[in-house]
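*Asks:* Keeping the supplied structure of chain A fixed, place chain S upon it in accordance with the hints.
There are 2 protein chains.
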Amino acid sequence: MNFLEKRILKDGIVKPGNVLKVDSFLNHQMDIALLDEIGKEFHRRFADKKITKVLTIEASGIAIAYPVAREFGVPLVFAKKSKSINIDGDLYVVEVESFTHKNINRVVVSKKFLSSDDHVLIIDDFLANGCALQGLISLVEDANATVEGLGIAIEKGFQDGGMRIRNLGYHLESLAIVDAMDPITGEITFREQ
Amino acid sequence: MNFLEKRILKDGIVKPGNVLKVDSFLNHQMDIALLDEIGKEFHRRFADKKITKVLTIEASGIAIAYPVAREFGVPLVFAKKSKSINIDGDLYVVEVESFTHKNINRVVVSKKFLSSDDHVLIIDDFLANGCALQGLISLVEDANATVEGLGIAIEKGFQDGGMRIRNLGYHLESLAIVDAMDPITGEITFREQ
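For the protein sequence lines, the chains are A and S, in the order given.
The numbering used here puts the first sequence at residues 151 to 343.
The numbering used here puts the second sequence at residues 151 to 343.
Bound-form chain A, shown alone (with noise of 0.2 Å):
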């Protein structure tokens, strides 16, 4: 078991509608500790990439990014979640759903921030369904950019997100993935890695 699947059983909190609630260290309140250490790890797994960006979505995904650019040595770019119906000829746009809010969001980056030199590492903290991790996946190919790999902290395993992103041949590391959760017991059990 690593650090992160540690943490999880020691602080996680299992809600029914398989909602696992990590707001304690991960996503509301933070342990930069932990964080520079999942920062470490995922520089540790694309070791072998050649990352000239590491890129994001906001919010929460900032915080588990900004250690992973810091090893790295490169620009962190997050993109922004957005209402306005008028849309900038200078942004990249894609539409994402939220499978925790049951809604629609413009997600866009500045045209100025990816490039079709860039090769891009994506990071975010959790992935079920993987619908905003296709946008950003959307968003480096509109740029003609290269997808190098993806980096998530926490995978929903019983969800199809994660399958479906590997089906697609991206080189998808996810820290933990769980595969069931017991909002009775509180049990949490993770995919064997």
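Keep in mind that the hints were calculated from the coordinates and are not lab data.
Just so you know, even glycine gets a beta-carbon here, dropped at the ideal spot from N, CA and C.
Don't take each hint at face value.
Here's a subset of chain A near chain S, in silico, CB distances under 7 Å, partners left out [to be verified]: (1) H178; (2) Q179; (3) M180; (4) L184; (5) E208; (6) I212; (7) A213; (8) Y216; (9) R220; (10) P225; (11) L226; (12) V227; (13) F263; (14) S265; (15) A330; (16) P333.
Calculated pairs, DSBU-like style, for lysine-lysine (alpha carbon to alpha carbon, straight line, at most 30 Å) [what the hints assert, rightly or not]: (17) K230(S) / K230(A); (18) K165(A) / K199(A); (19) K200(S) / K160(S); (20) K190(S) / K200(S); (21) K230(S) / K252(A); (22) K231(A) / K165(S); (23) K200(A) / K165(S); (24) K252(A) / K233(S); (25) K230(S) / K262(A); (26) K156(A) / K171(S); (27) K165(A) / K262(S); (28) K261(A) / K233(S); (29) K200(A) / K252(A); (30) K190(A) / K233(S); (31) K252(S) / K165(S); (32) K261(S) / K230(A); (33) K262(S) / K262(A); (34) K200(A) / K230(S); (35) K190(S) / K165(A); (36) K252(A) / K252(S); (37) K231(A) / K200(S); (38) K165(A) / K231(S); (39) K156(A) / K262(S); (40) K261(A) / K200(S).
*Replies:* Here is chain S on its own, set in the frame of chain A:
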């Protein structure tokens, strides 16, 4: 002139309507080395304070607050902008007007992450009319926690937010205070500190 003022002169873009675009290094694409230096500088300026938590507001505040929390060795908490009408009883809530987006956001922090024992350093990227910052102060004071100080990357000195917060007796440090900007010439005038 300090490192941030130099960088603003080099890469900041003045737009009509008193808009200063720093999205190539501070709040869309982020230069991690610069942010780490910002973290060290706030640590130096608040070195005499016993800080137990760093508080910011999503989204771009997170990237400024991360290296600050890292330097102090304390957790980072970010306040969330919430559209929900039903407010969970376990949240501190405040309403904040956005200068940039001309709307009102409900800003929330879980009660689990701010308590009367906390000594809080509030961090954000921009200070203009001070509404966001006063919202964060309210959240800390609702928790009966102590505001030890406020650290801002860029203050718009020609708006009154900074003056009002200093007049209330808070220790506010802004790394760059812009007193004037000219969208025609691109000239930026910093306040001597």
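*Asks:* Does each hint hold? Answer for all of them.
*Replies:* Do the hints match the structure? See the list:
no.: 1; hint: H178; result: holds, 6 Å
no.: 2; hint: Q179; result: holds, 4 Å
no.: 3; hint: M180; result: holds, 4 Å
no.: 4; hint: L184; result: violated, 10 Å
no.: 5; hint: E208; result: holds, 4 Å
no.: 6; hint: I212; result: holds, 4 Å
no.: 7; hint: A213; result: holds, 5 Å
no.: 8; hint: Y216; result: holds, 5 Å
no.: 9; hint: R220; result: holds, 5 Å
no.: 10; hint: P225; result: holds, 5 Å
no.: 11; hint: L226; result: holds, 4 Å
no.: 12; hint: V227; result: holds, 5 Å
no.: 13; hint: F263; result: holds, 4 Å
no.: 14; hint: S265; result: violated, 12 Å
no.: 15; hint: A330; result: violated, 26 Å
no.: 16; hint: P333; result: violated, 18 Å
no.: 17; hint: K230(S) / K230(A); result: holds, 15 Å
no.: 18; hint: K165(A) / K199(A); result: violated, 37 Å
no.: 19; hint: K200(S) / K160(S); result: violated, 35 Å
no.: 20; hint: K190(S) / K200(S); result: holds, 16 Å
no.: 21; hint: K230(S) / K252(A); result: holds, 18 Å
no.: 22; hint: K231(A) / K165(S); result: holds, 22 Å
no.: 23; hint: K200(A) / K165(S); result: violated, 35 Å
no.: 24; hint: K252(A) / K233(S); result: holds, 13 Å
no.: 25; hint: K230(S) / K262(A); result: holds, 28 Å
no.: 26; hint: K156(A) / K171(S); result: violated, 42 Å
no.: 27; hint: K165(A) / K262(S); result: holds, 17 Å
no.: 28; hint: K261(A) / K233(S); result: holds, 29 Å
no.: 29; hint: K200(A) / K252(A); result: violated, 36 Å
no.: 30; hint: K190(A) / K233(S); result: violated, 35 Å
no.: 31; hint: K252(S) / K165(S); result: holds, 18 Å
no.: 32; hint: K261(S) / K230(A); result: holds, 27 Å
no.: 33; hint: K262(S) / K262(A); result: violated, 40 Å
no.: 34; hint: K200(A) / K230(S); result: violated, 34 Å
no.: 35; hint: K190(S) / K165(A); result: violated, 39 Å
no.: 36; hint: K252(A) / K252(S); result: holds, 25 Å
no.: 37; hint: K231(A) / K200(S); result: violated, 36 Å
no.: 38; hint: K165(A) / K231(S); result: holds, 22 Å
no.: 39; hint: K156(A) / K262(S); result: holds, 21 Å
no.: 40; hint: K261(A) / K200(S); result: violated, 42 Å
Comparing the model with each earlier hint shows violations of hints 4, 14, 15, 16, 18, 19, 23, 26, 29, 30, 33, 34, 35, 37, 40; every other hint is respected.
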